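Protein chains: 2
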Amino acid sequence: MSTTTPADPPAAPPAATSAPSSPGTPPPSSLDPEVAARLRRTSDGLVAAVVQEHGTGDVLMLAWMDDEALAATLTTGRATYWSRSRGELWRKGDTSGHVQHVRSVALDCDGDALLVRVDQVGPACHTGTRTCFDGRDLGALDVATADGEPGDHP
Amino acid sequence: MSTTTPADPPAAPPAATSAPSSPGTPPPSSLDPEVAARLRRTSDGLVAAVVQEHGTGDVLMLAWMDDEALAATLTTGRATYWSRSRGELWRKGDTSGHVQHVRSVALDCDGDALLVRVDQVGPACHTGTRTCFDGRDLGALDVATADGEPGDHP
Numbered sequence: 001m002s003t004t005t006p007a008d009p010p011a012a013p014p015a016a017t018s019a020p021s022s023p024g025t026p027p028p029s030s031l032d033p034e035v036a037a038r039l040r041r042t043s044d045g046l047v048a049a050v051v052q053e054h055g056t057g058d059v060l061m062l063a064w065m066d067d068e069a070l071a072a073t074l075t076t077g078r079a080t081y082w083s084r085s086r087g088e089l090w091r092k093g094d095t096s097g098h099v100q101h102v103r104s105v106a107l108d109c110d111g112d113a114l115l116v117r118v119d120q121v122g123p124a125c126h127t128g129t130r131t132c133f134d135g136r137d138l139g140a141l142d143v144a145t146a147d148g149e150p151g152d153h154p
Numbered sequence: 001m002s003t004t005t006p007a008d009p010p011a012a013p014p015a016a017t018s019a020p021s022s023p024g025t026p027p028p029s030s031l032d033p034e035v036a037a038r039l040r041r042t043s044d045g046l047v048a049a050v051v052q053e054h055g056t057g058d059v060l061m062l063a064w065m066d067d068e069a070l071a072a073t074l075t076t077g078r079a080t081y082w083s084r085s086r087g088e089l090w091r092k093g094d095t096s097g098h099v100q101h102v103r104s105v106a107l108d109c110d111g112d113a114l115l116v117r118v119d120q121v122g123p124a125c126h127t128g129t130r131t132c133f134d135g136r137d138l139g140a141l142d143v144a145t146a147d148g149e150p151g152d153h154p
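If you read the sequences in order, they're chains L and A. Here the UniProt record's numbering is used: the first residue of the first sequence is 1, the next is one more, and so on. Here the UniProt record's numbering is used: the first residue of the second sequence is 1, the next is one more, and so on.
Take the hints with a grain of salt, since some may be wrong.
What the hints assert, rightly or not - Here are the computed distance ranges between Cβ atoms for each label pair:
| # | chain 1 | residue 1 | chain 2 | residue 2 | range |
| --- | --- | --- | --- | --- | --- |
| 1 | A | A36 | L | T56 | 28 to 34 Å |
| 2 | A | G97 | L | G97 | 44 to 50 Å |
| 3 | L | P33 | A | T127 | 20 to 26 Å |
| 4 | A | V121 | L | T129 | 28 to 34 Å |
| 5 | L | S43 | A | V121 | 30 to 36 Å |
| 6 | A | S29 | L | T42 | 20 to 26 Å |
| 7 | A | T95 | L | G97 | 44 to 50 Å |
| 8 | L | R130 | A | R40 | 20 to 26 Å |
| 9 | A | S43 | L | G111 | 43 to 49 Å |
Bear in mind the hints are in silico, worked out from the structure with no lab data behind them. It should be emphasised that the depicted structure is a prediction, and the values quoted were computed from it without experimental measurement. We treat Cβ as the ideally placed atom computed from N, Cα and C, and that holds for glycine.
Based on the sequences and whatever the hints tell you, model everything.
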């Protein structure tokens with residue numbers, strides 16, 4: 001089958017009367033409508049994505065997805081997010097080379113969080129650490145190993 | 001000293017000139033000011049908390065913390081969250097018995113996500129599943145095991 005379709009008319013722009021994006025009514029995307037219907041998005045139209053390394057179980061980072069990012073993540077094998085700082089789709093690794101190959105994606109019980117299991121190439125964090133949490137412990141009281149009572153936290 | 005102070009006037013309402021809570025200026029809490037200064041909160045004053053089981057590495061759930069919930073989590077050994085649906089602090093397990101004993105807490109590179117490692121008593125999910133993601137797979141194309149090209153996703 002030919003991969004080019006010459007003389008196709010350009011896609012029509014969205015009608016001027018179409019509703020602006022608002023909570024609960026995301027813009028049309030290539031996401032499976034059955035999956036889209038299960039999402040409970042923030043007011044920005046996003047769902048949190050917990051990213052876990054498949055081989056080690058380590059939590060690598062927390063990112064955000066809009067419907068289009070989730071559709072790309074589910075169908076292309078490459079973890080794709082919505083960059084809140086840049087305001088654009090962000091296919092992880094396109095700039096850094098630190099690609100994430102998707103192993104599985106699950107949605108949580110109330111539809112507002114995704115668990116994305118990946119094979120990570122290189123460090124996951126833009127600072128160069130392996131995960132975004134490495135070396136950033138807040139020193140919680142560990143009740144399993146501490147002798148102290150609550151309040152004894154140094 | 002007497003614990004009653006009869007004839008005290010009722011507490012004055014907040015002065016009209018005091019600033020309402022807004023992003024970056026959370027209400028005073030018992031959280032270590034050095035930690036508080038590192039948080040990058042949502043417009044609701046919250047930070048996402050990824051909750052991971054210490055023993056298995058399984059990601060159990062995603063929850064949210066305000067400064068007070070984080071302070072309690074760091075100092076009491078019991079994972080404590082902000083319930084967005086109920087609008088109140090929520091010490092996990094107080095109603096269900098499904099307590100989370102805190103092993104460690106780390107903050108991510110940009111201050112908007114926490115990784116809370118816990119020992120979980122019973123199922124973590126209010127639906128009764130062990131994690132909030134169990135049995136909720138979205139069927140992503142798995143490039144490591146699939147023969148197909150992107151687009152072959154069933």
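Status of the hints after comparison with the structure:
Judged by the Cβ atoms, the range 28 to 34 Å given for A36 of chain A and T56 of chain L holds: they are separated by roughly 31 Å. Between G97 of chain A and G97 of chain L the CB atoms are about 47 Å apart, so this pair conforms to the stated range of 44 to 50 Å. Take P33 of chain L and T127 of chain A: their Cβ atoms lie about 24 Å apart, and the range 20 to 26 Å holds. For the pair V121 of chain A and T129 of chain L, the supplied restraint of 28 to 34 Å holds, since their beta-carbon distance comes to about 31 Å.
For the pair S43 of chain L and V121 of chain A, the supplied restraint of 30 to 36 Å holds, since their beta-carbon distance comes to about 34 Å. Distance hint check: the CB atoms of S29 of chain A and T42 of chain L are about 23 Å apart, consistent with the given range 20 to 26 Å. One distance hint, 44 to 50 Å for the beta-carbon pair T95 of chain A and G97 of chain L, holds here, with the actual separation near 47 Å. With their beta carbons about 21 Å apart, R130 of chain L and R40 of chain A fall inside the hinted range of 20 to 26 Å.
Distance hint check: the CB atoms of S43 of chain A and G111 of chain L are about 21 Å apart, inconsistent with the given range 43 to 49 Å.
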